[in-house]
Structures are given as C-alpha cells and as structure tokens.
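*Asks:* The whole structure should be built from the sequences, with the hints applied where relevant.
Protein chains: 2
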Amino acid sequence: MSMDTQVFREDVRESDIAVVREIVMATKMFYPHEADVAAELVEERLRRGPASGYFFVFAELAGDVAGYSCYGPIACTTHSYDLFWIAVRPDCQGRGLGRRLLGFSERRIAEAGGRRIYVETSGRPLYHPTRAFYEHCAYTREATLKDFYALGDDKAVYVKVVG
Amino acid sequence: MSMDTQVFREDVRESDIAVVREIVMATKMFYPHEADVAAELVEERLRRGPASGYFFVFAELAGDVAGYSCYGPIACTTHSYDLFWIAVRPDCQGRGLGRRLLGFSERRIAEAGGRRIYVETSGRPLYHPTRAFYEHCAYTREATLKDFYALGDDKAVYVKVVG
Chain A
15 MSMDTQVFRE DVRESDIAVV REIVMATKMF YPHEADVAAE LVEERLRRGP ASGYFFVFAE
75 LAGDVAGYSC YGPIACTTHS YDLFWIAVRP DCQGRGLGRR LLGFSERRIA EAGGRRIYVE
135 TSGRPLYHPT RAFYEHCAYT REATLKDFYA LGDDKAVYVK VVG
Chain B
15 MSMDTQVFRE DVRESDIAVV REIVMATKMF YPHEADVAAE LVEERLRRGP ASGYFFVFAE
75 LAGDVAGYSC YGPIACTTHS YDLFWIAVRP DCQGRGLGRR LLGFSERRIA EAGGRRIYVE
135 TSGRPLYHPT RAFYEHCAYT REATLKDFYA LGDDKAVYVK VVG
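The listed protein sequences derive, respectively, from chains A and B. Residue 77 in the numbering used here sits at position 63 of the first sequence, and the numbers go up by one each step. Residue 73 in the numbering used here sits at position 59 of the second sequence, and the numbers go up by one each step.
Take the hints with a grain of salt, since some may be wrong.
Pairs involving identical chains hold if they fit within one copy or between any two copies, as the list cannot separate such chains.
In silico lysine-lysine, DSBU-like type, Cα no more than 35 Å apart, as pairs [claimed, not checked]:
no.: 1; residue 1: K42; residue 2: K160
no.: 2; residue 1: K174; residue 2: K42
no.: 3; residue 1: K160; residue 2: K174
What the hints contain is simulated information worked out from the structure, not anything from laboratory work.
*Replies:* Pasting the structure below:
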C-alpha cells in the first residue's frame, strides 16, 4: 500500500467508537478497561461536540483507519494541551505514520493557540518503545510520579513546547 | 461558634452547586472560570452519582457549609486518587478546619482502597499558604511542571501515601 493514499480526517463518526477500541486493543499495550476509556472519549465527543474538549485525528490509508490521536485543552490553563491517546495498528507501524500523526496533531494544537503539549505514559519496560518514540519526537521528560498507575508502575510526564 | 457543632456530610444536594461556587470565590484564590469548574463537578455528581467519580465532604458548622473537599479515584490506576478541591470560607479559617477536612477525606480514600493521594496547585506566590498547608499535612512535592497553567505559573504536584 502506498503512503500516497494517507489522509488525516478530523470529523468523528459513530463507527469510530469501535474503530478506536479495536486499534487500542490491537497494539497489545493497553488493558481492556483502558480501551473502554479510549472509546468513551469518542462517545463523549459525539455527544457534546467540541465542547467535550476532545479532538481527534484519524489517519486513513485507502479509506481504513490505520491510527488515531486524541488531544484537548487542559481546563484552567491558558495554553496547555493533553495528548490523551495516540495509537497505530501494528500492521501499519514502522513507516513513520505515528510520527506524521503526532506532527499533524501538534500543528493543529499550535493553530488553536496551544503552546505546551503534555503526554503521560508508563515507566514500565513494556513502554520503552513508547517513551523512545516521544523522545525521538522532541518531547522532554519533565516528571516521574512513583507508583502512580500501580505499585512498581510509575507515570512519566513528557512535554513539548510548540507554536 | 463552638467546634463541637462541626459535622462532615457526604451526601450531595442541589443547593451545593451554589454553595461550592460561593466558597471557592470567597477564598479569593480562584478565577471565576475555576469556580465554574468546581460547581460543574457537583452537577456531574448529582447527574451521575458515584459513577461520576467525584466524591464530596462538606464540613458544616451549625448547619452551614464552612468548607468542602472533592476527591476521586484516578482512571487507569489501581490505587491513586486525586484531591480535586479543598476550600474553607475565609471567616472559618485558622481553626484547623481545613486540616480536619483533609484528614477526614484521606481516611475515606484509604477506606475505599486508595493508597496515593495527589494534589496539584500553582507555584505562584499567591499559593504559598496552600503549598505550606499541604506540606504541613505531610504531602511531598514530587513534580513541578514549568509554565503549566500559564507563562510563569508552574504546576506543583504533591503526593501523600496513606492506608
């Protein structure tokens, strides 16, 4: 499949609830209850629109969703955004799709007035590639919260200044 | 007014929407849009019950709400809780009410299985008493996110291990 067919779609559809759950589970990086949370953000967006505070980017290859990101402004801040989710189907990984998806999301955040983008991830070894991905994309580790997710499972907080 | 009359109430009423907004504004520590967020958490709790993930403690003196706290479990963690809000009316401060309110909330969190309690506050000078309060109550500063709330307005993250 050629990369030429890649498009970024930002409108959110009912079918994305199942698509998001499927992609998140396919990565084998998340627990089922985490996939539920990911799907709930799509539902919340469909219910409340932009007022939900959740914005999505779907990367489509020949009409199929190969990956997606979800971000939004952080309440009570002037210019900080959370990148809540970014995931790419395993069979579409290794071609720079995640990096382009992240870059596109960052530009949209900057256009909306965002200046600081925060991502949170686990300190567990399973997430080493995730942390390496963010570092490769110029995110800086700013904090580590010990045992945050569970005993022995720290939270790593990364930030990137944009715009 | 004697401290003997102090009671902690955990059920949430329609009237608490206005009460919470009033207390938060009375402290002169928050912007109006932050008071809106505080009130919205009460509305969300009234709408969805415990499933909202928001739990409240109202400290009443002779039937009037003198202060309140709002806490809840953090999604996708096994034993971490956020203390979202704690505020005491200025005319009721200085008598240890905030400390007892916090202590009561901490015990409820521990009873519910919580082990780590996180509080976030601003690094601005205005919040020096707030940070001193948490430190006095055995919270440890675990992270600082630079310019998080706004340029020159850092976020300080405190944690206390309980239970």
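*Asks:* Of the hints given before, which are not true for this structure?
*Replies:* Violated hints: none; all satisfied.
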